[in-house]
Amino acid sequence: MENGLLMTSSPHIRDNTNTRRLMADVIIALLPACAAGVYFFGLRSLLVLLVTVAASVIAEYITRILLKREQTVGDMSAAVTGLILGMNLPPTIPLWIAIVGSVFAIVIVKQLFGGIGQNFVNPALAARVFMVISWPVQMTRWIIPDAVSSATPLGLIKEGASAAEELPGYFELFIGKKGGCIGEVSAAVLLIGAVYLVARRVITLEIPLTYIGSFALLTWIFGGDRLFSGDALYHVLSGGLILGAFFMATDYTTSPVNRKGRLIFGIGCGVLSAIIRLFSNYPEGVSFAILIMNTLVPLIERYTIPRSFGGGKSVA
Amino acid sequence: MLFTKKATFRGGVPVPHWKNTAEAETLQMGVPSKVYIPMLQHIGAPCTPVVNKGDTVKVGQVIGTSDKLISAPIHSSVSGRVTNVAPMVVFNGQSVMTVEIETDGLQEVHEDVKPPVFNNKEEFLEQLKKSGLVGLGGAGFPTHVKLAPPPGKEVDTLIINGSECEPYITSDYREIIENSWNILLGVYTLVDLFGFKNVWIGIEDNKPEAIKVLSNIAAKDDKYSDVVKVVKLKSRYPQGAEKMLIYACTGRKVPPGKLPADVGVIVMNINSVSFIREYIRTGMPLVKKRVTVDGPAVKNPANVEVPIGTPIADVFEFCGGFRSEPVKVLMGGPMMGVAQYSLQYPVLKHTNALIALDEKSAKIPPEGPCIRCGRCVDVCPMNLMPLHINRHSLHGDVEALEKYHANDCMECGCCSYVCPAKRHLVQSIRLAKAQLRQAATAAAAKGGK
Chain G
1 MENGLLMTSS PHIRDNTNTR RLMADVIIAL LPACAAGVYF FGLRSLLVLL
51 VTVAASVIAE YITRILLKRE QTVGDMSAAV TGLILGMNLP PTIPLWIAIV
101 GSVFAIVIVK QLFGGIGQNF VNPALAARVF MVISWPVQMT RWIIPDAVSS
151 ATPLGLIKEG ASAAEELPGY FELFIGKKGG CIGEVSAAVL LIGAVYLVAR
201 RVITLEIPLT YIGSFALLTW IFGGDRLFSG DALYHVLSGG LILGAFFMAT
251 DYTTSPVNRK GRLIFGIGCG VLSAIIRLFS NYPEGVSFAI LIMNTLVPLI
301 ERYTIPRSFG GGKSVA
Chain D
1 MLFTKKATFR GGVPVPHWKN TAEAETLQMG VPSKVYIPML QHIGAPCTPV
51 VNKGDTVKVG QVIGTSDKLI SAPIHSSVSG RVTNVAPMVV FNGQSVMTVE
101 IETDGLQEVH EDVKPPVFNN KEEFLEQLKK SGLVGLGGAG FPTHVKLAPP
151 PGKEVDTLII NGSECEPYIT SDYREIIENS WNILLGVYTL VDLFGFKNVW
201 IGIEDNKPEA IKVLSNIAAK DDKYSDVVKV VKLKSRYPQG AEKMLIYACT
251 GRKVPPGKLP ADVGVIVMNI NSVSFIREYI RTGMPLVKKR VTVDGPAVKN
301 PANVEVPIGT PIADVFEFCG GFRSEPVKVL MGGPMMGVAQ YSLQYPVLKH
351 TNALIALDEK SAKIPPEGPC IRCGRCVDVC PMNLMPLHIN RHSLHGDVEA
401 LEKYHANDCM ECGCCSYVCP AKRHLVQSIR LAKAQLRQAA TAAAAKGGK
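From first to last, the protein sequence lines stand for chains G and D. The first sequence: position 59 = 59 (the working numbering), numbered continuously. The second sequence: position 32 = 32 (the working numbering), numbered continuously.
Next up, chain G with everything else stripped away, as it sits in the complex (with noise of 0.2 angstroms):
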């Protein structure tokens, strides 16, 4: 090279954000749900929540040994993974479940389809959904903060209303004293997580608002014993839904990269949540509709293909 000048292709200057910043925004989002898991569920969550994590981590680490590729770790994605499984966990799960469900996450989900970026389904879920049918019982063992049942309000419902009485009220489920798994538990914390990752502009509120809103729309209608007289606001505070909608199905991997697709992704997630959770055997839709949706994001991404600035040009 002449004059020892460095040649390159513009542009010739980066912001400073990096993948390794996203992930640890998205930790540093979901600690203060953590920590409400643990202050209701007690220590043993926050073991849950070590372990899984940990055991992401180091699977990483050697799955990218193994597959001789270059060492991923350092991007902090796969502890998001396993924070984001722990979190989806009951507290009372057997510790070695959860290793069990982490190396699925991992290995089989994620680094078996080339890693970050490739996986077609949010790892984390796969791997709840895939614990949950593999430990039934295991994987729906609640406590309740201070109480006497161990039943989630969601299963409560689906008893009937023989249960009802022993519902919480809104606050409490605002608050987080319910059933439930370690990180869903509060919907205050959640949001306060949510608040950052948006004020970060880590992830955007098309799909979160489409998820929540159709989903609270569709239980409006269906969810009671006549039309048009669900506890729409109930649901929405119980479950998985707040978690779900803001951390899961906004993961980067397994949701459209574009705006349309985005909302039609939120949406879909939020009518096949209220379809499972009023219609099916199931308490809970949330996992199933994520991950039913993931599978769908390359259709949705296809047929959605923006037009050009200015542009007529058909699309696909």
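Hints are computed from structural coordinates only; laboratory data are not their basis. Virtual Cβ for every residue (Gly too), placed ideally from N, Cα, C. Hints should not be assumed to be uniformly reliable.
[Unchecked claim] Sample of chain G residues at the chain D side, in silico, Cβ under 7 angstroms:
| # | residue |
| --- | --- |
| 1 | 6 |
| 2 | 10 |
| 3 | 11 |
| 4 | 16 |
| 5 | 17 |
| 6 | 19 |
| 7 | 67 |
| 8 | 169 |
| 9 | 172 |
| 10 | 304 |
| 11 | 309 |
[To be verified] The calculated lysine-lysine pairs, modelled on DSSO-like cross-linking and capped at a C-alpha distance of 27 angstroms, are:
| # | chain 1 | residue 1 | chain 2 | residue 2 |
| --- | --- | --- | --- | --- |
| 12 | G | 260 | D | 121 |
| 13 | D | 197 | D | 121 |
| 14 | G | 260 | D | 258 |
| 15 | G | 260 | D | 403 |
| 16 | G | 260 | D | 234 |
| 17 | D | 223 | D | 121 |
Take the given structure of chain G and dock chain D to it, following the hints.
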């Protein structure tokens, strides 16, 4: 009059401003010992040299012409003796016939240089062609061609681009501050000749002084104050991109593959209109250019007016040389500028900045895997999906490149700028365009057999 709505477009990125030289009054650089004047400094057909080795030339003398429609003549920026006429590699890696002139330092002006005489639009365009003016904002499209859209295209709006959205560059800003009247008088001349119904002068809101100065003058003249409007644009890159600017000012969208004239608009750089006024006054063709010299490796950042053809090494030297080893040298801004292979490359008509980066600022972080965050899609002013073009380009899937409108990319660099995985998105889209061209050529060859 000042138009108070704050205009903008969809997408884009907030780039750093780094307008360190905003208050640096333009310095006149002396005549270098040699200039290298390439015969292609515009979009269009290259010129043929009309001087030979050994000829003496004077300032403003025509040294290259072309009989093609889209071209602009080239003039000598110095007086001296032609020492060579030979191909030379220029800023973009292209090999172009170049006239090398050894200067005599006298800067004698050629006798043909006299104020142009014209009575109507056609005569004006004829004279303007002789000035060698090309779009000074960076693209270098011949101005006399731009001002004469083909029949059937009704142009009612003139937009003057003073947005200067790239970091570092202040050469348009200095023109506004130092030659504000020239800009307005140039605009008035164009309004009189072409009958534009609206003239928008677009300036980003990070240059309040420029907005104030121009809107004050624009308000002075009753005859034009209703026509000429200064628009405050949001400071957001690439606000100065032609299609974005047109949209911000008028709400009109230029379709892919079309020209501004197709939506009734002509866009000119602020330096170009100012030059027109100066040319009418003096008849001196385009032989010098103000460039912003800046960057972490430059000792004394400055705005310098240099004779066209001056080697960039001489310009840096005029600015006190380098503070530290220049690792990367750019012609143009850091978003769209072109990295230079040699400091011997000359300053051209449409050069607006020379940026020297040091070791730290030249560093591009390593590429990681795409995490599908969609930021590139969110910021793309052209509504493209850079991540998919990137993927299909790497796979050589030409059909998909077409589907994702790779050819509509204007290479503004927003996608690469925001990518958290630091992927070389723009670079691969450039490759994608080449792949599309190649496929089209192959298809044409096959069809011909």
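* Holds or violated: is the Cβ of residue 309/G closer than 7 angstroms to a Cβ in chain D? -> holds, 5 angstroms
* Between residue 260/G and residue 234/D, does the CA-CA distance stay at or below 27 angstroms? -> holds, 25 angstroms
* With a cut-off of 27 angstroms on the C-alpha distance, tell me whether residue 260/G and residue 403/D pass. => holds, 17 angstroms
* **residue 11/G as an interface hint toward chain D, with CB separation required under 7 angstroms** => Because about 3 angstroms separates residue 11/G from the closest Cβ in chain D, which is inside the 7 angstroms limit, the hint holds.
* Agreement of hint residue 304/G with chain D interface, Cβ distance less than 7 angstroms -> At about 10 angstroms, which exceeds the 7 angstroms cut-off, the nearest Cβ of chain D leaves the hint on residue 304/G violated.
* Restraint satisfaction for residue 19/G [CB to CB of chain D, less than 7 angstroms] -> holds, 5 angstroms
* Asked: When the nearest CB of chain D is found for residue 10/G, is that gap smaller than 7 angstroms?
  -> At 5 angstroms from the nearest chain D Cβ, residue 10/G passes the 7 angstroms test, so the hint holds.
* Within a Cα-Cα threshold of 27 angstroms, do residue 260/G and residue 258/D meet the stated pairing? -> With a Cα-Cα distance of about 26 angstroms, the restraint between residue 260/G and residue 258/D holds, given a limit of 27 angstroms.
* Is the interface hint for residue 169/G satisfied, with its Cβ closer than 7 angstroms to some Cβ of chain D? -> Given a least distance of 39 angstroms, the restraint on residue 169/G is violated.
* Is the interface hint for residue 6/G satisfied, with its Cβ closer than 7 angstroms to some Cβ of chain D? -> holds, 4 angstroms
* Asked: Within a Cα-Cα threshold of 27 angstroms, do residue 223/D and residue 121/D meet the stated pairing?
  -> holds, 20 angstroms
* **Pair hint outcome, residue 197/D versus residue 121/D [Cα-Cα no greater than 27 angstroms]** => Judged against 27 angstroms, a Cα distance of about 16 angstroms means the pair holds.
Against the hints set out earlier in the document, violations occur for numbers 4, 7, 8, 9, 10, 12.
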